[in-house]
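Chemist: These protein sequence lines are chains A and B, in that order. Each residue of the first sequence is one higher than the one before, counting from 1 in full-length UniProt numbering. Each residue of the second sequence is one higher than the one before, counting from 1 in full-length UniProt numbering.
Watch out, some of these pointers could steer you wrong.
Calculated pairs, EDC-like style, for lysine to aspartate or glutamate (alpha carbon to alpha carbon, straight line, at most 20 Å) [what the hints assert, rightly or not]:
| # | chain 1 | residue 1 | chain 2 | residue 2 |
| --- | --- | --- | --- | --- |
| 1 | A | K69 | B | D266 |
| 2 | A | K14 | B | E143 |
| 3 | A | K11 | B | E143 |
| 4 | A | K14 | B | D150 |
| 5 | A | K94 | B | E185 |
| 6 | B | K62 | B | E196 |
| 7 | A | K104 | B | E185 |
| 8 | A | K69 | B | D184 |
| 9 | A | K18 | B | E143 |
| 10 | A | K11 | B | D150 |
Facing chain A, a subset of chain B residues (Cβ under 7 Å, in silico) [to be verified]:
| # | residue |
| --- | --- |
| 11 | P141 |
| 12 | P145 |
| 13 | Y177 |
| 14 | M194 |
| 15 | G195 |
| 16 | E196 |
The following label-pair restraints were derived from C-beta to C-beta distances [said to hold, decoys possible]:
| # | chain 1 | residue 1 | chain 2 | residue 2 | range |
| --- | --- | --- | --- | --- | --- |
| 17 | A | I208 | B | T512 | 23 to 33 Å |
| 18 | B | D119 | A | S180 | 55 to 65 Å |
| 19 | A | D116 | B | C316 | 34 to 44 Å |
| 20 | A | S22 | B | D184 | 27 to 37 Å |
| 21 | B | K315 | A | D56 | 57 to 67 Å |
| 22 | B | T330 | A | E187 | 29 to 39 Å |
Since the hints were derived computationally from the structure, they do not count as laboratory data. Cβ atoms here follow ideal geometry from the backbone N, Cα and C, with glycine treated the same way.
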Amino acid sequence: MSDARLRRVQKEIKDCAKDKTSQISIEMVDESPFHLIGAFPGPPDTPYEGGYYEVDIHIPDAYPFQPVKMKFITKVYHPNVSSASGAICLDILKDAWSPVLTLKSTLISLQSLLCDPVPNDPQDAEVAKHYLTDRASFTATAKHWAQAYAQAPASKQKPVPGKQASDAEMAGLAESNVQSFTDMGFERAKVISVLKKLNYRGNNVSNIHESTVLEELFK
Amino acid sequence: MSSDDEANDIYYDDDDYGDDFDGQAGSAEDESMSEPDAEGYDVLSPSIDDLPQKKPYDVTYKVRTVQEIMDMQNREVQKIHALLDIPTSTAAILLRHHVWNSEKLQEAYFTDPEQTLLDAGLSPPSSPSPVKRTRSQHTVPFECPICCMDFTKEQVEDLTLTMGCGHRFCRTCWTEYISGKIRDEGESARIQCMGEACKRIVRPELVDELVPGELSKKYHNLLNAAYVADSPSLRWCPHPGCEHVIECHQVPPRMLNQLVPTVKCDCGRFLCFGCGYAGNHRPVLCKIVKMWEKKCADDSETANWLQANTKECTKCQSTIEKNGGCNHMTCKKCKWEFCWVCMGPWSEHGTSWYQCNRFDEKSGIDARDTQAKSRASLERYLHYFTRYANHDQSAKLDAVFYTTTENRMKAMQTQGLSWIETVFMRNAVDTIIAARITLKYSYAMAFYLVRNNDTEIFESNQTDLEMAVENLSHQLETNPEPDILMKMKQDITNLSAYVKKRSDILLDDVLTGYFEGRWKFTVTV
């Protein structure tokens with residue numbers, strides 16, 4: 001059966017190289033055709049536009065009867081992608097897998113997952129919370145991540161193009177909110193991690209009492 | 001695919017089926033059991049009460065073989081086959097899709113046959129025969145989209161196949177796919193077409209054709225297992241190596257707070273029909289035995305260690321381990337100073353720093369009292385646990401007990417008794433082990449009971465049984481002189497009968513008590 005697996009993977013890599021329209025690339029990491037890196041551009045009209053996303057691909061022994069194992073190498077700020085490990089929550093990578101799906105079609109599915117997050121079935125609960133409570137702030141953070149990690153060009157609205165996103169912006173927090181607690185003498189990193197955990201963003205800020213934040217900070 | 005040759009001459013209409021089923025469901029001791037109707041779960045119905053030897057808390061059941069389970073499915077399938085005029089294999093897939101609820105299936109089918117078939121992953125009746133296709137289609141070569149092998153147009157018919165949904169793959173890939181589903185994922189009734197998002201179900205005939213032998217056998221076992229799992233009135237015997245299924249219609253989950261449906265499989269071992277427990281956990285309820293075992297697994301080691309190695313601070317009740325140093329303790333938490341030996345306040349110890357001679361002082365007694373209270377719940381648990389564990393251990397040693405008894409029976413045969421005259425020994429061991437198991441679970445029950453007058457009776461029953469068991473156990477272990485052999489036989493037989501009697505009394509009291517709502521538990525059941 002391994003013949004069939006090798007034949008199929010080689011054909012998939014070849015087909016992908018031939019196809020110029022999809023902008024999807026699949027390349028070998030080492031000599032093994034069963035450990036690959038896939039890459040695709042962030043979909044247009046999303047915070048990920050302009051970014052370039054790399055995906056680690058492992059072909060299991062029983063491929064294509066078992067789903068391929070994929071995770072993001074590029075950091076992505078998205079409800080269905082772990083912001084720490086890059087693990088992906090997508091049905092076709094689990095029980096909805098079908099042997100007719102290919103590496104290319106799976107990568108295209110990942111691309112469309114970036115267009116349409118499924119916050120109700122999240123991989124990263126914190127990001128999903130952010131997405132559901134304050135969309136504008138979520139989008140801003142996702143854009144910052146795209147610029148910082150996926151080489152997306154800085155957007156035109158930004159006053160200083162090319163400026164690195166601040167740590168507060170990266171976490172989707174308002175600088176003024178972070179400031180108000182660092183002014184009390186708390187460590188900046190600690191403040192950011194606590195506010196992130198409490199989802200201290202947008203309208204949610206009014207729901208969280210200052211004492212709750214302080215309690216967390218003192219822990 | 002043809003079903004007509006499979007359709008044998010057995011035809012069941014509703015009445016025939018009901019009668020037949022009922023006759024088999026009734027066990028040997030209960031021929032007069034009425035048909036289980038909507039109210040059929042009423043275990044206290046007079047028809048059952050009238051029966052001699054059958055206790056109201058016993059359930060009627062039947063032990064089935066795998067063959068019988070298959071026959072049961074076939075009967076259902078034949079019924080649908082005749083009623084809806086569809087092939088038997090289609091009927092089977094429809095029934096599995098509807099979790100063997102034939103009324104629901106009929107309703108759905110009569111409303112919209114096509115949709116019902118599609119929902120179950122079958123091709124609608126209008127489409128061509130599912131497995132084979134006409135040759136005329138294969139005018140072009142074919143490349144399998146999975147393994148990327150090329151097939152000439154002559155090879156297509158023999159080496160590839162589709163299930164009527166238009167997704168064609170080569171037979172090697174089908175075989176590989178189905179093997180993986182059965183072997184690695186334990187799938188059976190829900191193996192679907194390999195096409196993306198295609199819900200078409202792989203038919204058993206195709207499985208048999210593509211993966212004959214072991215895997216096909218496993219596939220059919222899995223189908224049977226799924227049938228048993230889907231049916232609330234069936235349960236596999238949980239004992240290793242046993243392939244029987246218990247059928248019982250009297251135990252809906254809501255009855256489990258007043259019924260302990262212990263049944264005996266044909267393999268000779270007990271199980272609980274309610275929770276699948278591999279043994280007889282009477283008198284205690286399924287939910288409580290589960291709670292108790294979990295508690296024991298979680299707590300008992302920790303609790304034992306705490307009991308042996310720690311004391312509580314007499315002021316703040318923090319648990320303290322003394323791991324060295326003198327008896328002058330200062331609680332880390334509340335800074336209270338006390339004496340480890342008498343637990344009294346250190347301030348009263350005056351100059352007698354290194355020996356505590358203040359045991360009778362009032363403050364020390366008070367301190368020990370508070371400590372005792374805080375320990376009471378732990379001790380209460382350990383009290384029941386040690387007795388539970390003790391009987392558990394004794395019952396586990398039954399294999400050893402049987403061999404020693406076997407040896408002694410042989411010894412007696414050299415002393416002039418015939419084999420049949422020594423069988424009382426083995427019967428006595430059987431009785432002891434059964435009684436120990438009852439005792440064991442009665443301690444789990446006692447732990448959760450709210451104390452009232454009824455628990456007094458329960459506890460005295462427990463004490464009586466405990467004493468009877470210990471007496472018999474002792475008798476069995478003493479080696480008698482040959483001249484009093486007959487007397488010993490008499491004693492052991494009598495004691496065995498007494499143990500049995502006490503055991504029955506305890507079980508009877510508890511199990512009828514459930515019906516009467518006499519038992520109150522500290523937890524909700």
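Chemist: Decide, hint by hint, whether the structure agrees.
Modeler: Right, here's what the structure says about each hint:
Under the criterion of a C-alpha separation no larger than 20 Å, the hint pairing K69(A) with D266(B) is inconsistent with the structure, at around 47 Å. Note on K14(A) and E143(B): the hinted pairing holds, with a Cα-Cα distance of about 16 Å set against a maximum of 20 Å. Of the supplied pair hints, the one linking K11(A) and E143(B) holds, its CA atoms being roughly 12 Å apart against a limit of 20 Å. Taken as a hint, the K14(A) and D150(B) pair is honoured in the structure, with Cα atoms around 17 Å apart against an allowance of 20 Å.
For the hint linking K94(A) to E185(B), the alpha-carbon distance of about 13 Å falls within 20 Å, and the restraint holds. At roughly 44 Å between alpha-carbon atoms, K62(B) and E196(B) are farther apart than 20 Å, so this suggested pair is violated. For a cut-off of 20 Å, the pair hint linking K104(A) to E185(B) is broken: about 26 Å separates their Cα positions. Distance restraint check for K69(A) and D184(B): the Cα-Cα separation of roughly 17 Å lies within the 20 Å cut-off, and the hinted pair is therefore satisfied.
A distance of roughly 18 Å separates the Cα atoms of K18(A) and E143(B); the hinted pair therefore holds under the 20 Å criterion. A C-alpha spacing of about 13 Å is found between K11(A) and D150(B), which places the hinted pair at or below 20 Å, so the restraint holds. The restraint placing P141(B) at the interface with chain A is violated, with a minimum CB-CB distance near 16 Å, outside the 7 Å limit. Of the supplied interface hints, the one on P145(B) holds, with its beta-carbon coming within about 5 Å of a beta-carbon of chain A, less than 7 Å.
Satisfaction of the interface hint for Y177(B) is found here, the shortest Cβ-Cβ separation to chain A being roughly 5 Å, below the 7 Å cut-off. Annotation: interface hint on M194(B) holds; nearest CB of chain A at approximately 5 Å, less than 7 Å. The beta carbon of G195(B) is positioned within 7 Å of a beta carbon in chain A (closest approach about 6 Å), and the interface hint is therefore held. Hint on E196(B) holds. Least Cβ distance to chain A is approximately 4 Å, under the 7 Å limit.
Look at I208(A) against T512(B): about 58 Å separates their beta carbons, and that is not inside 23 to 33 Å. Restraint check, D119(B) to S180(A): a C-beta distance of roughly 58 Å satisfies the suggested window 55 to 65 Å. Taking the beta carbon of each, D116(A) and C316(B) are about 56 Å apart, not inside 34 to 44 Å as hinted. In this structure the supplied range 27 to 37 Å holds for S22(A) paired with D184(B), their Cβ-Cβ distance being about 32 Å.
Between K315(B) and D56(A) the CB atoms are about 58 Å apart, so this pair conforms to the stated range of 57 to 67 Å. Checked against the hint of 29 to 39 Å, the C-beta distance between T330(B) and E187(A) comes to roughly 35 Å, which is consistent with it.
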